[in-house]
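S.K.: Below are the chains, spelled out letter by letter.
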Amino acid sequence: MYFDHAATTPLSAQALAALTRELSRCGNPSSLHGSGRRARRVVEDARETLAAAAGAHPSEVVFTSGGTEADNLAVKGLYWSRRDEDPRRRRIICSPVEHHAVLDTVEWLERHEGAEVCWLPVDGDGVVSVQDVRAAIEAGPGSVALVTVMWANNEVGSVQPVADIARLAHAYGIPVHSDAVQAFGALPLSFAGSGLDTMAISGHKIGGPVGVGALLVGRSVKLTPVLHGGGQERDIRSGTLDTPSIAAFAAAAEAAVASLPEESLRLARLREKLIAGVAAAVPEAVLRGTPDPDLAGLRLPGNAHFTFPGCEGDSLLFLLDLAGVESSTGSACTAGVPRPSHVLLAMGLTEEQARGAQRFSLGHTSTDSDVEALVAALPEAYARARKAGMAGHESTIRTAGTQDL
Amino acid sequence: MKVLAAMSGGVDSAVAAARAVEAGHDVVGVHLALSRMPGTLRTGSRGCCTIEDSRDAWRACDILGIPYYVWDFSERFKEDVVDDFVAEYAAGRTPNPCMRCNERIKFAALLEKALALGFDAVCTGHYAKVIEDEHGNRELHRAADWAKDQSYVLGVLTHEQLKHSMFPLADTPSKAEVRAEAARRGLSVANKPDSHDICFISDGDTRGWLAERIEMQPGEVVDETGAVVGAHEGANAFTVGQRRGLKLGRPAADGKPRFVLEIRPKENKVVVGPEALLAVDQLRGIKVSWAGLPIPAVQAQAEFDCMVQVRAHGDPVAATARVQLDGGRQQLVVTLVEPMRGVAPGQTLVLYQGTRVLGQATIDSARSLDWDPARVS
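Just so you know, the sequences run in chain order A and B.
Number 1364 in my numbering belongs to position 405 of the first sequence; there are no gaps in the numbering.
Number 567 in my numbering belongs to position 275 of the second sequence; there are no gaps in the numbering.
The shape of chain A in the complex, shown without the other chains:
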């Protein structure tokens, strides 16, 4: 039972067909001969398809290697170009619940490029308020380089008021970036309608392949490139275009958006069933992120995130994995120490509460019986994980140094 669609979701049939069709063909879209023209045709078709799916103009699509690169390009590119226009613009107004692709980029700019980060507060559901953005801007509108707030949170699923933020910032002439990697294909979304200046999306979260994504860049937006080279993609992102992946990404996007009205409703209902099931099976569990019982689109349809008191998220993950249920603690853990989620800490949870986090994310292959199996496996896993306790607590095993002889 796979409950980790927010990490990656199986390739859609349409994407697989496009991918395998193009993989066996040769041609660099930048070449001027027949093979090149054919490849270029495929890329430009994909660009139009993707633009239509995202509510953007085709010229606004800049293909990248994924969401992370798109976020890096947007945040660094906007910062550098705005600062170069006016050296006073060094402030980055940023939500504290961003994905690391934005968070770490912003912090890097702070350390190496003289940026000053203005962290926005969030409420208990992890949502930024437009008033706080206004206050942050009004503290010095002339010193703001950009605002960056994600569309929907990858851990707790809360949806942010990005269109309102964009409208507000534009009144001051300030560009806004949004990481829409989780939102695209899951929520009805239009780049044009949002008013955003840049928006990051990714292939493999919507049934496309890993290793491809895009940054939507408004036509009047100036970005300083991160990757220099052959001048592809409006000179904003150099590098030979990956025709098969781009074709598959567009095919996946088209399919996801076409089925979005029914599929998001199906997933949101399934999510509510999961939330109710967890609440019944483990009453101590606390739902995190914006509740959306009326299916009003306040939360990602496939996201259910809980904290389980008194246990480590990774113990629970381990026990659920043994029971055949694949979930996530929701926060990044690179080879080293699993850290309590920065998102949950920003929402005001204690480190101990944050350590009991578990995210279940649904996708196009999820079914009722998956949810039932999860709910059935949960009580025993939770009881055991609780017994294993929290890391950092003193062991009760008597040892040479602790036993009373």
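For the record, the hints were derived by calculation from the structure and aren't laboratory data.
Ideal Cβ positions, reconstructed from N, Cα and C, are used throughout, including at glycine.
Any given hint could turn out to be false.
[Claimed, not checked] Cβ-to-Cβ under 7 Å is the rule here; a few derived chain A residues that face chain B:
#1 K1346
#2 I1356
#3 T1358
Given chain A's structure and the hints, the job is docking chain B onto it.
M.R.: Relative to the frame of chain A, chain B by itself:
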């Protein structure tokens, strides 16, 4: 059995896990995150917890086809091992952090979590052997390869801890054999260098590392009679047996080199004297524990013959030992047949009979019967 294989990322733990899998156990690999700040990629002589080690452990689990997890014990490790290490040095003692880690982390915090999650045993790549007698009681013994034997650093395990310990490398004839086996099994860590240093002191400069953490106070250097013979920058910078760097103003009466005999942190004094006085005859041990059930002589508080070892790769020497009760707590008095040099308070003494580990204690005092430390005032 359900076995948790503690995977450091080194070759020994990888082969140990492989053998546990081959023996038919249900094995899960776990890497212990012990450092708050996992270092950068490092090569050569290494410690624990680098990203590279974690990746190596992960890769080994992939090859063995077993699940892999990283468990965070950094808080416990800091409190129980690192802080303890600093505190012991600050108190003028010489601790063994690897033993402390076995006692408090691998076979306590990790074991406890493993048992709670439904595991039956913790498996490590230590070279040591656990034997079960006809009543199911466990004994700890030296590994077949005495050159690699690590029973010393496991001497601190109690019967309860031994009951859930598994050391699949017990009967391995040599480390070369383990490397060859790793290569045969396709484990990429087959040629990874051994670790030697204290894992949390990444550059191996223990003295420099301690100097940043322990406040140094200048004080006096006195000789074995109590006469002031020099000054020091901080007593904690010295170890028993040290000869170099004493910077004594005046030579000894006999003109021979002087050695650190004792460190007295309370008085901030370093006691020096002739080499002969470094040899000790009697060790007094506290925080006594028995590896398995205590032998009958222990229970009877009778004197018994044994071998005693005071460092990981030191030679065991013949001794007699006796338990004394001090306010209900066991103390161990060990009298050496031949005097021994280089013993400092804080070190662990491990008692053996043949290959069997009887138990251990932390050395509280080590003295020569020819020299009364009370003379230094």
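S.K.: Determine for every hint whether it applies to the structure shown.
M.R.: Consistency of the hints with the structure:
1. K1346: Holds, about 4 Å.
2. I1356: 4 Å, holds
3. T1358: Interface hint status for T1358 of chain A: holds (5 Å vs cutoff 7 Å).
The structure shown violates none of the earlier numbered hints.
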